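**Student:** Given next are the chains, with one letter for each unit.
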Amino acid sequence: MPHTETHHERPTLVQLRDVHLSFGSNKVLKGVDLNVRQGDAVSIIGPSGSGKSTILRCINGLLAPERGEIVVGNTPVHALKTEADRIALRKRIGFVFQQYNLFPHLSVLENIVIAPTRILGTDRQTAEREARELLARVRLSDKADAYPGQLSGGQQQRVAIARALAMHPELVLFDEVTSALDPETVGEVLAVIRELVQDGLTCILVTHEMRFAEEVSHEIVFTEGGEIVEHGTPQTIFHAPRNPRTHGFINALRN
Amino acid sequence: MIESLLNAFIAAAKIIGLNYSFLLSAYERGPWLEGIGITIGLALLSIVSSLLVGIVVASLLTSGKPWLANPTRAFVELTRNTPTLVQLYCAFFVLNMLINQAVGGAQNNPLSAFAWVVIVLSLHYGAIHAEALRAGIEAVPKVTRESALSLGFSRSESLRYVELPLAMRFALPSLVNNLVNLVKSTALGSAIAVGEVTYASLMIWTQRDNVLELMIFIFLVYGILTLLVARAGSWLETHLRMPGYGH
Ligand SMILES: Nc1ncnc2c1ncn2[C@@H]1O[C@H](COP(=O)(O)OP(=O)(O)O)[C@@H](O)[C@H]1O
Ligand SMILES: [Mg+2]
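Protein chains in written order, with the numbering used here: chain A, 575 to 829; chain B, 818 to 1064.
Since the hints were made in silico from the structure, they are not lab data.
The reader is advised that the hints may include incorrect statements.
[Claimed, not checked] If you only want the chain B side, here are some residues facing chain A, beta carbon under 8 Å, derived:
hint : residue
1    : Val960
2    : Glu963
3    : Ser967
4    : Leu968
5    : Phe970
6    : Val979
7    : Pro982
8    : Arg986
9    : Leu989
10   : Met1059
11   : Pro1060
12   : Tyr1062
[To be verified] Pairwise CB distance ranges (calculated):
hint : chain 1 : residue 1 : chain 2 : residue 2 : range
13   : A       : Arg698    : B       : Pro888    : 35 to 41 Å
14   : A       : Glu640    : B       : Gly858    : 57 to 63 Å
15   : A       : Gly647    : B       : Ser973    : 22 to 28 Å
16   : A       : Thr700    : B       : Phe910    : 58 to 64 Å
[What the hints assert, rightly or not] Below are the DSBU-like pairs computed for lysine-lysine, each with C-alpha atoms no more than 35 Å apart in a straight line:
hint : chain 1 : residue 1 : chain 2 : residue 2
17   : A       : Lys655    : B       : Lys882
18   : A       : Lys601    : A       : Lys665
19   : B       : Lys882    : A       : Lys604
20   : A       : Lys601    : A       : Lys655
21   : A       : Lys665    : B       : Lys882
22   : B       : Lys959    : A       : Lys655
23   : B       : Lys882    : B       : Lys831
24   : A       : Lys717    : A       : Lys665
25   : B       : Lys959    : A       : Lys665
26   : B       : Lys1001   : B       : Lys831
27   : B       : Lys831    : A       : Lys601
28   : A       : Lys601    : B       : Lys882
29   : A       : Lys655    : A       : Lys604
30   : A       : Lys717    : B       : Lys959
31   : A       : Lys665    : A       : Lys655
32   : A       : Lys665    : A       : Lys604
33   : A       : Lys604    : B       : Lys959
This structure is a prediction, so every number in the text was calculated from the model and none was measured.
Even glycine gets a Cβ: it sits at the ideal position worked out from N, Cα and C.
All chains should be built: construct the whole structure from the sequences, respecting the hints.
**Tutor:** This is the structure:
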């Protein structure tokens, strides 16, 4: 397990307090609390529809909770009013989606440089150099000039990770990034994420890859029905869960 | 050289019973050739400005702000559901007259009949382009916009760098079709005496009995221009193709 001695001394980067959110009459989040320390990898597991993606969308301000507090660094996300404030927040947070969502009209290289050049004002040369370094890091150096439609799912997802990293985020949210992939390409994406976690990047991962979650996470959070049922170390959640609902979920997956 | 070619052409046409002798009169040939130039000018200016109008109108339609989208929607519906000719009459005989009065006489009015044709065609086809672009923008998956916003793009930057380039590709076949219609609509200029090729021909055949001869030329002029637009469209389609995407 990747626990380091300093783990408990690191400052909190993301904090959710009693977050509530509904879509119409559908109560999706019913008082979610979450704490993520700087440099931690926290995995959120739970059945489909339990609100995992909604939690991630609240953290980067794509959705606004109707009650509760969300703080990222020193930013009170729940209190942001203007588009400019939300943009400032999103620049600091990477988001990787299940469906990759690359820009299909741009080459791989352009997909990666567009945000730093257009949003951060990075000069083209620097942005391109960094993009090539990131492509090397996700082992796709030879694909700089390809278009997303020409790549496999696993390759597209690695480009999507590189695109998020190009903004130098202090936090990256991964929403079931391997769920849409062919089984043989899942491993290459997980390998990239594993390295990011080892490098100390703060990550929140929604995932169904239980073995991977157990291996890389500092903490596991189990959600069901819009609530955090239980959270703890991977050891606790996967091998000695206290809550019978957690127990049921883990067991159902095992069989 | 040109003179002898012209003579040979006129002689050859005479054999099959077509009278192109107006080409020998500089007094008639000049305005007629100028008419072709005016048609091309009307088409080029209206193509460019109708596309700009289309982009602005589509952005307003999809802005999600009712106070922008609703008046724009009303403009689009009004424009699409009235004849272009009526709009041109309305602009030239009503608006232009009001401007004349306001600036103290036609001599102070900077807007010519030519300018009114460009304005009316740009607004009319701009509204039609906007509908095609709006459909294109709505065909962009919601998650694609979300990923642009998540990177830190503003709503308008996402539109400019991601959604419109995609919408443009989705809408390209409709846009090209609209532009072909626009080229043909430049003939409406003849209704307010703009000397484009239709009007110039009309001036000649009222003097001579050569309607058929001029009709053949008119067909050729519009045929070539619309062909060029269609060609440019398919070049763009090839050029903008997204490798591996969809088709
Ligand atoms: N944009 C939306 N509009 C309405 N309902 C939504 C929307 N997004 C999610 N939901 C609903 O919220 C619930 C939780 O969704 P989600 O957070 O995506 O769950 P998970 O990621 O855990 O599968 C589901 O019932 C889903 O139907
Ligand atoms: Mg989800």
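**Student:** Flag every earlier hint the structure violates by its number, smallest first.
**Tutor:** Going through the list in order, the structure violates hints 9, 23 and 27 and respects the others.
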